[in-house]
Amino acid sequence: MGTLFEVLTEHFDELGPGFWVTVRLVGASFAIALVVGTLVAALRIAPSKWLQRLGGMYVETFRNIPLLVLLFISYAGLRRAGVPINNWVAGIGSLGLYTAAYVAEVLRSGVFAVSKGQVEAGLSLGFSHPDVLRRIVLPQAFRTVIAPLGSITIAMIKNSAIVGVSLLTLPDLLKEARIVQARTFQTTETFFWAAVGYLLLTAGATIAFRLLERRFAIRR
Amino acid sequence: MQTMRWRWPAAVVLALGVLVTAGCGDDDDKQAGSGETATTQARTFAAGTTMAKLKDDGEIAIGVKFDVPPFGFKNPQSGAVEGFDIDLGKRIAQELGVKAKFIEAVSDNRLPFLKDGTADLILSTMTITAERDEEIDFSEPYFVARGRVLVKEDSDIKDVDDLSGEKVCTALGSTYEATLKKQAPKADLRLVDSYSECLELIQNGAVDAVSTDDVILTGMIQQDDSLKLVGDPLTTEPYGAGIKERDTGFQKFVSEVIAKWKRDGGWAAAYQKWVGRYTGEKQDPPTTTLAEALKLN
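As you go down the protein sequences, you meet chains F and W in turn. First residue of the first sequence: -10, per our numbering; consecutive thereafter. First residue of the second sequence: 23, per our numbering; consecutive thereafter.
Hints are computed from structural coordinates only; laboratory data are not their basis. Small disclaimer: the values here were computed from a predicted structure and weren't measured. A couple of the hints might just be wrong.
Claimed, not checked - Over the 12 angstroms line for every Cβ pair with chain W, so calculated as not near, a few chain F residues:
1. Phe101
2. Glu109
3. Thr191
Stated by the list, open to error - Stretch-level coverage of chain F by chain W, calculated; a stretch enters the list once three of its residues show a Cβ under 8 angstroms from a Cβ in chain W:
4. 58 to 71
5. 171 to 179
Beta carbons are placed, not taken as given, at the ideal position from N, Cα and C, and that holds for glycine.
Sequences are here, hints too, so could you generate the full structure?
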């Protein structure tokens, strides 16, 4: 037990900043995922066939490319093509846009889960199409998507480790843990603390989404 | 109808399964094929030694680099692993009278591979250091490399002092992490898993310099002649074969094979084939001993 805590205290000046890099990476990616995901979901439920197709293309593109491949394309590929993208932009962009595809799918299914009768009732009461969406459909859809959004967020936090092992050389929690491990050879202890770091983030996300779920629950 | 509906997916899954397993089998064949069959008269070893055990297995698993020309790399045409380390590995296998099976060991996983028995021997451009010596055992040095700095032809970096504030790539778990922190404390270190990633990063301009062993950097220049070496050597890096800790018998055996290899011209031939031909430099087999090497790093 002694060495377990020693590894943390002796290498906190590496593991700590690594954790902070992961927090920033995850935070920025989450913001991008929510904004872009919402926009894409809006495209997918738009009244125009072409807009729907555009949204569909986005989802299929980003959902079907492995994140690691996406990271290579966005960093090595774009740089070779002359775009001077830096590793932070490539990392946040890839993880954010990748997660956005899943967010869009969840939001779309949430909207479709609201029964068609409600839309028709709204329209026949004289609401405009955007008004029906904003005042009737989305508030109900939001409730059903909280839980799946929570799962996506947790998956995203864990996927941030893929950014860490890619060639982006971002010094995230996993990378710092591997640096400490390579120097000290204290494999079990080092990765134990890395796992604790990720657990802190995923547990935080779980609690946040639980609270949201409770806040928007229907009292029956 | 119920059965009909399930027959198709089941057939597809089955077909996929067959394909996947067939693919695996293929892979194994290829790996085994990269080893060479023994040609010398088989020696006998005392029971209970690592040599006797390997002999029983008929195979030695050697961890080598797959992406570090000219020491260990996959030949793009044949798919076989080749290089200076590979030649030494084949020689050791030959002396044992077994087949050499080469597995990929990057800087970060080679020590665990030895400890957990995934590899019986490591020949992956590994510098002998006192720190590593506490985890594993080393053979006598079989090559001495020097630490250098690689930059693009048009770079302003002239030597290690110019690395301050510049992005410098090296491998995670290599000796250069500590070396650079000491000799260029203000450099922005970028640590990757393998040197081929460093090559990609310097080519696409994401880093300004790569620092590691001269022979590895020379291999990069062979692939891209718009790169060049600058400055004086930073370090001396004696390479040793990695052996499981406290396996003194096997360590002695490997050191003996290396000594023989140096004596009978095997070393010189491998050097000329993989290094001298490209650098135009002549070199004698290293005379540095393990004890001296351990004091260096």
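Worksheet item: Hints broken by the structure, by number, lowest first?
Response: Violated hints: none; all satisfied.
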